[in-house]
Amino acid sequence: MAVEGGSKASEGSETLTASVVGGSGFTGGELLRLLDGHPNFEIAQATSRSAENKTIGSIHPNLRGRTLRFSDPADLESVDVLFAATPHGVAMERIDAFEDAADTVVDLSADFRLDTEEQYEEWYDGHSAPEYLEKSVYALPERNRKELPGAELIASGGCNATATMLGLGPLFDAGLLDGDEQVVVDVKVGSSEGGASGGAASSHPERSGIVRPYAPTGHRHEAEIEGEFGISVSFTVHAVDMIRGASATCHVFPDGPVSKKDLWSAYRDSYAEEPFMRIASGGGGVYRYPEPKAVAGTNYGDVGFELDPANKRIVVFSAIDNMMKGSAGQAVHAANIALGLEETAGLEFQGLHPVGAP
Amino acid sequence: MAVEGGSKASEGSETLTASVVGGSGFTGGELLRLLDGHPNFEIAQATSRSAENKTIGSIHPNLRGRTLRFSDPADLESVDVLFAATPHGVAMERIDAFEDAADTVVDLSADFRLDTEEQYEEWYDGHSAPEYLEKSVYALPERNRKELPGAELIASGGCNATATMLGLGPLFDAGLLDGDEQVVVDVKVGSSEGGASGGAASSHPERSGIVRPYAPTGHRHEAEIEGEFGISVSFTVHAVDMIRGASATCHVFPDGPVSKKDLWSAYRDSYAEEPFMRIASGGGGVYRYPEPKAVAGTNYGDVGFELDPANKRIVVFSAIDNMMKGSAGQAVHAANIALGLEETAGLEFQGLHPVGAP
Amino acid sequence: MAVEGGSKASEGSETLTASVVGGSGFTGGELLRLLDGHPNFEIAQATSRSAENKTIGSIHPNLRGRTLRFSDPADLESVDVLFAATPHGVAMERIDAFEDAADTVVDLSADFRLDTEEQYEEWYDGHSAPEYLEKSVYALPERNRKELPGAELIASGGCNATATMLGLGPLFDAGLLDGDEQVVVDVKVGSSEGGASGGAASSHPERSGIVRPYAPTGHRHEAEIEGEFGISVSFTVHAVDMIRGASATCHVFPDGPVSKKDLWSAYRDSYAEEPFMRIASGGGGVYRYPEPKAVAGTNYGDVGFELDPANKRIVVFSAIDNMMKGSAGQAVHAANIALGLEETAGLEFQGLHPVGAP
Amino acid sequence: MAVEGGSKASEGSETLTASVVGGSGFTGGELLRLLDGHPNFEIAQATSRSAENKTIGSIHPNLRGRTLRFSDPADLESVDVLFAATPHGVAMERIDAFEDAADTVVDLSADFRLDTEEQYEEWYDGHSAPEYLEKSVYALPERNRKELPGAELIASGGCNATATMLGLGPLFDAGLLDGDEQVVVDVKVGSSEGGASGGAASSHPERSGIVRPYAPTGHRHEAEIEGEFGISVSFTVHAVDMIRGASATCHVFPDGPVSKKDLWSAYRDSYAEEPFMRIASGGGGVYRYPEPKAVAGTNYGDVGFELDPANKRIVVFSAIDNMMKGSAGQAVHAANIALGLEETAGLEFQGLHPVGAP
Amino acid sequence: MADDSTITAEDPLTGDEIEVPADVEVGEIIDSPVSGAELEVVSTDPVELEEAPELEEDWGE
Amino acid sequence: MADDSTITAEDPLTGDEIEVPADVEVGEIIDSPVSGAELEVVSTDPVELEEAPELEEDWGE
Ligand SMILES: NC(=O)c1ccc[n+]([C@@H]2O[C@H](COP(=O)([O-])OP(=O)(O)OC[C@H]3O[C@@H](n4cnc5c(N)ncnc54)[C@H](OP(=O)(O)O)[C@@H]3O)[C@@H](O)[C@H]2O)c1
Ligand SMILES: NC(=O)c1ccc[n+]([C@@H]2O[C@H](COP(=O)([O-])OP(=O)(O)OC[C@H]3O[C@@H](n4cnc5c(N)ncnc54)[C@H](OP(=O)(O)O)[C@@H]3O)[C@@H](O)[C@H]2O)c1
Ligand SMILES: NC(=O)c1ccc[n+]([C@@H]2O[C@H](COP(=O)([O-])OP(=O)(O)OC[C@H]3O[C@@H](n4cnc5c(N)ncnc54)[C@H](OP(=O)(O)O)[C@@H]3O)[C@@H](O)[C@H]2O)c1
Ligand SMILES: NC(=O)c1ccc[n+]([C@@H]2O[C@H](COP(=O)([O-])OP(=O)(O)OC[C@H]3O[C@@H](n4cnc5c(N)ncnc54)[C@H](OP(=O)(O)O)[C@@H]3O)[C@@H](O)[C@H]2O)c1
Ligand SMILES: [Zn+2]
Ligand SMILES: [Zn+2]
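Residue numbers (my numbering), protein chains in the order written: chain A, 37 to 394; chain B, 37 to 394; chain C, 37 to 394; chain D, 37 to 394; chain E, 31 to 91; chain F, 31 to 91.
Errors might be hidden in some of the hints.
Said to hold, decoys possible - Calculated pairs, DSS-like style, for lysine-lysine (alpha carbon to alpha carbon, straight line, at most 30 Å):
| hint | chain 1 | residue 1 | chain 2 | residue 2 |
| --- | --- | --- | --- | --- |
| 1 | A | K348 | A | K296 |
| 2 | B | K182 | B | K297 |
| 3 | D | K296 | D | K348 |
| 4 | A | K348 | A | K297 |
| 5 | D | K90 | D | K171 |
| 6 | C | K297 | C | K182 |
| 7 | B | K90 | B | K171 |
| 8 | A | K348 | A | K182 |
| 9 | D | K297 | A | K297 |
| 10 | C | K348 | B | K90 |
| 11 | A | K348 | B | K348 |
| 12 | B | K90 | C | K182 |
| 13 | C | K297 | C | K348 |
| 14 | B | K182 | B | K171 |
| 15 | C | K182 | C | K171 |
| 16 | D | K182 | D | K297 |
| 17 | A | K90 | D | K90 |
| 18 | B | K297 | B | K348 |
| 19 | A | K171 | A | K182 |
| 20 | D | K182 | D | K171 |
| 21 | C | K348 | C | K296 |
| 22 | C | K348 | D | K90 |
| 23 | A | K90 | D | K297 |
| 24 | D | K182 | A | K296 |
Derived by calculation from the structure, the hints in this document are not laboratory data.
Using the sequences plus the hints, can you model the full thing?
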């Protein structure tokens, strides 16, 4: 057993130190996995109050054999980059300490995603450090790449919002939507979205085999989508029986006529140069449209579309792994760009086939 | 092992003979299970070409120990009721033979669901016995109970159409919708919908753990819904990782304002007296809205709803077991009514808790 | 919605009152389901401390619409039969109160399964009411039917022990084993075995998709098996991804030569007249040997066997639903016999096909 | 979408050409994935008769975007290494052509695993190219590393045999077993073991949620185990509901007394220097013993053990991903050693947490 | 089970008469067997129920 | 793998240049590595591709 060092290639290039606050959680564990295999990062610290002093492999079995142990989030080491993967509300309380500890802070919670204090009052329970909202940069590179280089406070997007924005973005970019259209977004998500501290509803006997409406209306990720596109979407989220994955089906009713060619142009224009975006739209075989298990474990975002002329509808499908493109992968991607590293560094895993409900 | 006779109660009441054409299939097997436990039916014949002469328990392990063997569908016995559970197109070819063999024919395929030959030309590949279309009665008792007594040719509804109609019906009945509204129906279904003869896409390694758009647009069940409500719905179906179950989420945009009270009245008015309809709409605990596993194995249809004032939207949730309310259960329910039997006879199973992906 | 009364047939026969202590748990819920559909029982009381005053359907969605509410276990009503479905240790503390409240007490825990106080000291933490051990009767009818009529305190068996005893019993009965043989029992179980109050290991993300050794050695059910057969078995239990079900594979090394015919005789002799035992041993099709999903939701016990001449081994397969034959079904079966009711009353459900991981 | 080249690091080191015969199958697809991400290989050819001229991504969605298309296995290109991932019997027929096309041939089937023609007559249907049996080298590096450098024909091991040998090996190496002991091996496997061309039993509705005895006795992998250890094992295989993974539980009855310390020494001695072997044996948390999902997608083999003094038994747990350590990963690992490459090259993926049934 | 330990009240959502335990107190939350909804007891003589405010964060994500 | 056994053609859906086997024949169905779509070869010199008519009933229910 000589697993220390994992897949790290020693490539002479610079090495940055990183810490993960909330390292015992689901997205925290994913960050540790990615950083462990990243050519430019060395993990200096992973925090957990409940698992303090335990090895990171005792919680995350994929990291067995690593010598790093969880430490107290109250004692932050000085690092180049601090990733915070804590529940909503923690980062806004501790943001000063985070900024003291690191030049670059990437927060995975919703704490710095919205622009104004008012929005936090409308959608959450207010904000305790609103002065940082101006400064923070929304992470999603496909929509925000230009803002990222040099960013000091990065807010990684919500998983369901990310899936939706990746699906709808090209329609707005190409002018096929302008913001006054009817848009229904029907989302299906896996159980890792709920984080590691699930209650009765997420026990295996109750959570298995379900198609369960869990956010019928009023999901908070609507705020992020509205922030990006200026459109209010009709948003409904269902929990289904998978662990990783978020799939958004957007039913869109454009004002004027749209052809299949228009759609292909729009999506190719937006994504042809994107390293993590793939278009799957029809064709043969088993995997014709985006689906979560085709992207599980990867940082890919798969999108596809279909026309429904009878109803003057565009249907857009979008699939991501909520642990990756929907959180930890997006965070590392954004950090790579912010720090001038190779954009895809540490994020090359292609995914598995066949694979079940990863 | 003395299982012959199953749960049959001998109750002195009349006994009718029944046959199942397509008895080796999924819905055929479900019909055999229901008839086996039904107080008023005795199974005279179950057909299969591929499993001829095998016991029905060799295909359906829940019917182990029964002495009945599959026989050739070319040799039909005379019975009181014939249930046909064959792929689309078979019943229309054989309808004369079916009518000769039985006073009452219940067909589970789409062959007699629509009203006119033209509709079959639009949505299917035409019809070879259009003279029966006038005569046939659509089964779904919650929408069609009055037409059923004495019916001689009953067309059991499509599973996804059934889920949708049960969800939307009360809105039309109460006048909250009149047919010109925008309606998006996003359906999630299990693998038994595909029947017993699945191809590569339904092998376990490829079909497990999925959220897969399998009918992005143009699903044929739209025709049944349009037939019932005169409305064109924007219909999209996803395959998810369960075996039994169809869940329809209807996103509805009514013309005028609608209150939660209006919705409760509408659904109570339509379903308060229905033996198989239940409303699950909010409340506490784990099971707040309809979900397939809460109805699995049963003939229940669960419906629920929520208001989204910000988007002037009603969200309606509807869940059924496609093998039961969506096919075999609906067929037996309709036959019970047609023949003047106790409406719930043979359909009393309450379902299981806890239960996984049945 | 008119579900009250469920599948209850009113048959003029006597009606007994029953209560379920621990009615909000998994086996308690299963008891409520069975009693709700049982022709001879009326549920007088279901207790829960955590869900007091809630309807039973708020916890068990299959019992939606019933008006019965959970009440405090401290206030027991007088009934004919009391079923206790509480964690180990509760029934031994409360047995006097139980006996006061009911003529017949059926306990589903391990509290009255073993014969002597010494055994409880060896395998558990001692016993606080050892005077009842003499009096109590072990429930499993296939091994103990003669002791049950008139029994006042019945101890329903352990699920894994039941699966094992049903598999091995015929070998002992037929003299093919005498107790000094090597017997390895490798068990695979679903998540409902853990009860409703699961911890971190039984959350959906951690518990899904597993083959997890959870009792490598020293499982307490060994004591019951040893009590029945006087043999020490090498017992190992694995948790797998299903909700209901226990499957025991017994690898048995008999002293002398045994033929396939000997095995068939042994199993036929033991089980030919048993209403809930089925033999599945080879043959064609998909379902050749016992497997949990073929018995899910039912009170069946399926057993099968194969010879391995090269290793002088008999392999015995046994499958039950732990919620049914492994607990609530066994309890009702035993109560039926104890009270002189129809043995199969309330237990007729045949199970489903196709079905997933119920 | 700029995925061509995947995770390939261009490292100045030598690049070898490779082909995969049977590239449309499950293990063939896994080989393509590994070679696609391997720093020292370039894929020259992937064959498929049924998918000729289709892109490899049309079958394996994780390889979307690659321009390589399947070609006819009759036209083999000259390459450095040929991997054959065809059903049993194909490689022995085509071995001369394979040897002509490549300096190094790695076969994933059973065709060259056993030593003698006689064994193929006993366990299979004979052998058509027995002259190669002498020459071929069994791949599993943990047992055969010294034979691999320079090997020209490598036979990658059977998945269940691999899991078993990794579990039992240290006991033989340490002299705790000598070959005359009773050994029961109870295996649980996922559906990818059956390959891409599954029949009725592997359709999703029939294969989901199962614990199904599929090789009660006489599994062919016994031959490989006997070949390695000279011991006849009592071997039984169950299919369970996962896609990737093989878990072997070995119940071992040593002749003399064995302590926990003896076991730790044995396993540490065998595996301390092995890059892919990990010991998980007790401890705290959720993941205490080996389980397939902790190794899914990786080339790890996890082993653990427990003592059962009451029965003088050692229980050994072993878990691998059958697509990786049990086939494609083992094959690449062996090729790396045979060709003098970095042993872990292309095999660094650490696996995922949380993860479901991958 | 409609004995003297239960009394009836109106489900404010559906208008149905439902049974509630006779000893309910003001402020208690009771679920309705008809609608499944959680209802708050706002008075006891007679028993009057109102839709309970939803407990947002106790379910799911 | 862009050697002489492949030639390029235009994906009619996306406009991208894609590689197809040099020996394709008219009527053959080829998938595009860019769009994943199934394309029919409508002429070979040069190779021209059109969106293939969808094979309705070969997938799912
Ligand atoms: N799960 C997803 O798919 C997803 C996707 C996008 C964004 N997010 C966001 O990412 C964040 C983390 O989500 P998650 O799913 O990883 O949650 P999680 O599994 O519950 O993990 C939370 C982590 O935070 C730590 N923590 C909790 N309270 C803390 C405090 N007051 N101070 C310091 N550490 C604290 C916990 O460890 P200890 O209690 O041991 O300290 C744990 O390590 C959330 O804001 C979530 O909304 C999640
Ligand atoms: N599955 C659902 O959820 C569902 C729901 C609603 C409605 N339906 C409809 O119900 C019907 C049956 O569906 P299913 O899922 O049960 O299909 P299935 O599992 O494929 O079964 C089809 C049955 O029909 C028999 N059959 C096929 N061709 C026949 C022929 N030419 N003549 C006589 N028998 C023939 C087959 O047996 P042999 O080939 O051995 O004769 C088999 O028993 C279909 O029309 C379907 O659309 C299904
Ligand atoms: N699950 C199985 O497969 C299985 C099989 C065979 C035997 N058993 C045995 O059956 C018993 C119940 O198992 P289960 O799986 O149903 O457990 P469970 O789901 O955890 O339910 C336990 C029930 O007991 C109640 N309870 C707990 N402590 C109590 C106390 N001190 N006084 C009164 N009520 C109490 C709980 O409700 P409140 O806390 O709300 O009062 C709950 O209703 C156990 O002894 C178990 O070993 C279970
Ligand atoms: N699955 C496992 O876990 C596992 C583990 C260890 C070892 N193995 C062994 O690995 C081999 C492949 O298994 P698999 O699961 O990958 O099988 P699979 O999914 O069925 O794939 C078989 C492949 O071989 C091709 N093929 C079949 N017959 C052929 C022929 N006559 N000539 C050329 N190509 C042919 C098939 O493609 P076309 O028909 O399109 O040409 C397909 O690409 C088997 O020998 C198996 O025993 C498998
Ligand atoms: Zn989220
Ligand atoms: Zn259908």
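Check your understanding: Taking 30 Å as the top limit, are the C-alpha atoms of K348(A) and K296(A) close enough?
Key -> 12 Å, holds
Check your understanding: Is the hinted pair K182(D) and K297(D) satisfied, with a Cα-Cα distance of at most 30 Å?
Key -> 28 Å, holds
Review point. If you draw a straight line from the CA of K182(B) to the CA of K171(B), is it 30 Å or shorter?
Key: 15 Å, holds
Point to revise | Agreement of K297(D) and K297(A) with the hint, judged by alpha carbon distance not exceeding 30 Å | key: 69 Å, violated
Check your understanding: Does the structure keep K296(D) and K348(D) at a Cα separation of 30 Å or less?
Key -> 12 Å, holds
Review point. Between K297(C) and K348(C), is the straight-line Cα distance small enough, at 30 Å or below?
Key: At roughly 15 Å apart (the allowed maximum being 30 Å), K348(C) and K297(C) satisfy the hint.
Review point. Are K348(C) and K296(C) close enough, with their CA atoms no more than 30 Å apart?
Key: 12 Å, holds
Exercise for review: Given the hint that K348(C) pairs with K90(B), test it: the Cα-Cα distance must not exceed 30 Å.
Suggested key: 33 Å, violated
Point to revise | Proposed proximity, K348(B) with K297(B) (alpha carbon, max 30 Å) | key: 15 Å, holds
Practice item. Given the hint that K182(D) pairs with K171(D), test it: the Cα-Cα distance must not exceed 30 Å. Key: Measuring from Cα to Cα gives roughly 15 Å; hence the hint holds.
Point to revise | Satisfaction of hint between K182(C) and K297(C), Cα-Cα up to 30 Å | key: Holds. K297(C) to K182(C) sits at ~28 Å (cutoff 30 Å).
Check your understanding: Between K182(D) and K296(A), does the CA-CA distance stay at or below 30 Å?
Key -> The given pair, whose Cα atoms are some 59 Å apart, is violated under the 30 Å limit.
In terms of the numbered hints stated before, the structure departs from hints 5, 7, 8, 9, 10, 12, 17, 22 and 24, listed from lowest to highest.
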